[in-house]
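Each chain is listed here by its residues.
Number of protein chains: 2
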Amino acid sequence: MSRILRINCRTKEYSFEDDGPYAGLGGRALTSRVINKEVPATCHPLSGENKLVIATGLMGGSTAANSGRVSVGTKSPLTGGIKESNSGGLFAHKMPKMGLKAIILEDKPEEGAPFSTLFITEDKVEFRDAADITGLDTYPGHDKLLAQYGDKLCAAMIGPAGETLRKTATIQFTDPYKRPARSAGRGGTGAVLGSKKIKAIVLDPEVNIKVSAANADAFKEARSTWVSILKGHPVTSQGLPGFGTSVLVNIINEAGALPTKNFRYGQCDHAAEISGEKIADVIKERGGKTTEGCHTGCIIQCSQQYNDADGNYVTSGFEYETVWALGANALIKDIDDIARIDRICDEKGMDTIEIGNTVAVAMDGGIIPWGDGKAAIELLEKIGSGDPLAMIIGNGVDFAGGAFGVDRLPTVKGQSMPAYDPRAVKGVGVTYATTAMGADHTAGYGVTANVLGVGGSVDGHKKEGNVELSKNLQVATAAIDSMGFCLFVAFAVLDSDNGVQTMADLVQSWTGNDFSVDDLVALGAGAMQDEQDFNERAGFSKVDDQLPRFFETDPLPPHNVTWDYTVEELQGAKA
Amino acid sequence: MSRILRINCRTKEYSFEDDGPYAGLGGRALTSRVINKEVPATCHPLSGENKLVIATGLMGGSTAANSGRVSVGTKSPLTGGIKESNSGGLFAHKMPKMGLKAIILEDKPEEGAPFSTLFITEDKVEFRDAADITGLDTYPGHDKLLAQYGDKLCAAMIGPAGETLRKTATIQFTDPYKRPARSAGRGGTGAVLGSKKIKAIVLDPEVNIKVSAANADAFKEARSTWVSILKGHPVTSQGLPGFGTSVLVNIINEAGALPTKNFRYGQCDHAAEISGEKIADVIKERGGKTTEGCHTGCIIQCSQQYNDADGNYVTSGFEYETVWALGANALIKDIDDIARIDRICDEKGMDTIEIGNTVAVAMDGGIIPWGDGKAAIELLEKIGSGDPLAMIIGNGVDFAGGAFGVDRLPTVKGQSMPAYDPRAVKGVGVTYATTAMGADHTAGYGVTANVLGVGGSVDGHKKEGNVELSKNLQVATAAIDSMGFCLFVAFAVLDSDNGVQTMADLVQSWTGNDFSVDDLVALGAGAMQDEQDFNERAGFSKVDDQLPRFFETDPLPPHNVTWDYTVEELQGAKA
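So the sequence lines, in the order shown, correspond to chains A and B.
Each residue of the first sequence is one higher than the one before, counting from 254 in the working numbering.
Each residue of the second sequence is one higher than the one before, counting from 254 in the working numbering.
By construction, these hints were calculated from the structure, which means they are not laboratory data.
Any given hint might turn out to be false.
Since the list gives no way to pick one copy over another, a pair counts as held whenever it fits inside one copy or between any two copies.
Listed below are the simulated DMTMM-like cross-link pairs for lysine to aspartate or glutamate, each with C-alpha atoms no more than 25 Å apart in a straight line [said to hold, decoys possible]: (1) K514 - D360; (2) K542 - E379; (3) K795 - E821; (4) K397 - E375; (5) K265 - D807; (6) K715 - D640; (7) K627 - D360; (8) K431 - D457; (9) K627 - D640; (10) K514 - E364; (11) K715 - D534; (12) K795 - E291; (13) K290 - D807; (14) K795 - E822.
Note that the structure is a prediction, hence the values are computed from the model and not measured.
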């Protein structure tokens, strides 16, 4: 049973539908198809015409390792284009156990309507009064939901940023440790949920439909092969579990590609103070946890639990991109300040990459001093309060640039860049430029071949080979996002002879539908085509597939590389 | 002699050049050609790569009636596209008397550089210390310039809005009455000047090169015919001088096309209280002036001097669009409050249309109450102060919508609409949608045939005929803007058999170059083509040639008309 639940947030009507035109799709391929087919491309993202889709991947509900990512799709308030943002947490595996493949939220209530909690059972949807959690940060709000719904709570919720329609607003998902710590982070999906006046979505803890593989033996075999592939690669079996994603701080700094002081330099003097190695030491010292999974069935365990000096929990899902954005790009040296900001972002429901870059822009504009973590904390704690400065900060890099008169804005299609300078890591730079998502490393992570020597080796300083690298990775990634796998499986898959075949085997044996490697590639390419099609109808042209001009004019120290692709060359990376 | 003065605002180097590739162009045709040829289309508008061009029209310096408009061209910080904004004042006729056809400002100083006053003489440019006027509103700043340079002062300057790089910032020009009351209003040209750290440009009062017609007899004859055409039409000889441009309040309200409460209704209950008739009564009662020209040689005299209850000067250039935006669209009833806001906009250097609409959006977002003029005054007086709310308001409608979570935003290409609802006046609606300028009534004023019965009659409620109407008007307007004529001459020209021929005769006899009606049309069409070409390279696609969707979905009372053009249909209005 794979139903689509369609809910009208204005009339409160709903229907459980067959997947019909969306059969065979999952995760990102499904959300992008729905948005492309059903949302008027030129609508305002916060208008009733926009929709928000939450979809499990093709492997959702299965016991295949690392297959529990959930996709959120919408027209992005940040970029004005299509958006798929995926997250860990419990939602992806829970949805199939409710007979659900996707939830489509439509329309929005009249102005001034109160927030609701959507309570979804096997055959009903209730709009429940959310007065007791409205305005709350996500941790205390989530605690109230835990008290009400019990320890098997599986929720998605927004924080004050989403309620106040900030363009950086995330949707936070319940993680395996009863915390709202997993984020559909990028593109402002939380603002769309906020515009529909939904504070939280709770999946009935009592519903637990048994799901099983269509072909149990084949699935068991493929699953076993899959585990051995993931366990056999040094990145997924040692690097990530050992130091978390921040293992990359020293690596990318060494490569001269760690964007520093709002993308002025490729190396950061205090990189050691914010490195994965340092963080792991601090975590151990304070009784935190150096390994955690973001969803059940994860065997990579790249997440962590970071405590304060007194041993009290501060944050988890404390990622490299967060550490980089605040630590290197905004020059904040104190790792405790950075961890505190990570927690504030989870509490307010905000994308740490966009917020970290925005803090750097606020520093560039003289609003707060460079490197001043305490000042940043003070700023960010105001998000959702109606403070005009918080309205600005909560809207991301381009918006803050417009407010503060800063013209050095590292964004593509309105979304700011992650932790890899595109001048020195051109494989990911091509992805920033060309993906429909706006600057997004997870859409085609060319850092692999450019820096890590995974999946071959392509020089990140030169143009040659990086358009092809990015395109191949973009297609593969879109497929991975559609199956519901964690992107990090790609490290192992890229260096494995049978990785892609094994993923296809998993889908075929789990779903019972024929699914070859060609189908897998077509799934990814199809998602990209839906996304490109939507963006074109939304007004994007190939001119938007470029980086800001300062990457062309300003060489990046220490290697003094620049960005030098023509728009035409970049078109080769699109599906 | 028609030289181009090119000034580098970083190095302070300058050169007086032949017009070379720009020979035969003037006004808008010249600024748009320079921007299209010399500015990288994807540059940030506030980066050193952007340029700002100030150009006199082909008739600049002449004694032809109403030929003293000056064009300002740049890449707009508001729209991200090309911009030509023209203004009255003394600049246009003074430039030729300095041997200048255009001034091109390039690059910008290092961060933290102080503001300068550019003092331009016949053969030199000085960057003079502007510390004494930096941060000042335009009237007191202009008074200081008057004290320094004397009564023959001819200046362009920015206010605090331009200094702080607001997207609504204007450039204010000295008017014939020694006030900085004439604005290059739309698109944020003042922010570009601010980014280049130029607070004011002063043309040496002592330079006064004699200019004369190439063919004196022919010019004299054409000039006389021209006056009789302008004097012979009821709009230019009676309507505009009688009640100023606000004569339109009652007319457009009657037509059901006066956008009210952020474009919700086509009629305003208190229209009589803000009408041109009422304003003229108040002006007379208080000893103001009901007629004034915005530049020397004006025989239409549509401007006014508005005094307060004590008979003290408040403002001039108090236009219909200003009165509408604040009076009807933001529901402010007190005409004295509206006049005060007009003055504040001139003082801070801000576009009254964009600011009026932004005030309405702030009301829609619950920031200040609907119709509260005093609250609006308090908000706007903070512009330039570093107050974050002022940063938001000073950036216009789309920006304020993003800050306040308002999705009803009457903008095209980022610029908000003037005083005619496009659903009921489709001739101007087509112009809003298709001109490269963003929503701009002055780019092709279809109100003529839709409402005023000037230049024929086309039903403004129906699609038929309005694409053609808009296109013809857009071409004619671009030509008028390039010759330096006031747009209001069009009322008379459209109803005259020999109006267009007379304009061509004026250009030919004044310049000594062959100039036919065909050349005139080619001049206008060429300007539009430069503008469209730039915008395409800046990333605009035909999708951007549309109105926001609420104009399609929400019928406009009282006639309940909607907007129903397809994008393809609208392409017919482009050059």
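Taking the hints in turn, this is what the structure says about them:
1. Proximity of K514 and D360 under a CA criterion of 25 Å is satisfied inter-copy only: 23 Å between copies versus 41 Å inside one chain copy.
2. Proximity of K542 and E379 under a CA criterion of 25 Å is satisfied in neither setting, with 38 Å inside one chain copy and 65 Å between copies.
3. Taking the closest pair of Cα atoms, K795 and E821 come within 25 Å of each other both inside a single copy (8 Å) and across two copies (20 Å).
4. Proximity of K397 and E375 under a CA criterion of 25 Å is satisfied intra-copy only: 23 Å inside one chain copy versus 75 Å between copies.
5. Taking the shortest alpha-carbon separations for K265 and D807, only the inter-copy value of 22 Å comes in at or below 25 Å, while the best intra-copy value is 53 Å.
6. In this homomeric assembly, K715 and D640 never come within 25 Å of each other (Cα to Cα): the closest approach is 45 Å inside a single copy and 45 Å across copies.
7. In the homo-oligomer, the alpha carbons of K627 and D360 never lie at most 25 Å apart, since the shortest distance is 40 Å inside one protomer and 36 Å across protomers.
8. Taking the closest pair of Cα atoms, K431 and D457 come within 25 Å of each other only inside a single copy of the chain (15 Å); across copies the shortest separation is 73 Å, beyond that limit.
9. Taking CA atoms no more than 25 Å apart as the test, K627 paired with D640 passes in both settings, with 18 Å inside one copy and 21 Å between copies.
10. Only between protomers do K514 and E364 lie at most 25 Å apart by alpha-carbon distance; the minimum there is 15 Å, versus 41 Å within a single protomer.
11. For the identical chains of this complex, K715 and D534 are neighbours neither inside a copy (36 Å) nor across copies (72 Å), given an alpha-carbon limit of 25 Å.
12. Taking identical chains as interchangeable, the C-alpha atoms of K795 and E291 lie at most 25 Å apart whether they share a chain (24 Å) or sit on different chains (21 Å).
13. In this homomeric assembly, K290 and D807 come within 25 Å of each other (Cα to Cα) only across copies, at 23 Å, whereas the closest approach inside a single copy is 41 Å.
14. Taking the closest pair of Cα atoms, K795 and E822 come within 25 Å of each other both inside a single copy (11 Å) and across two copies (23 Å).
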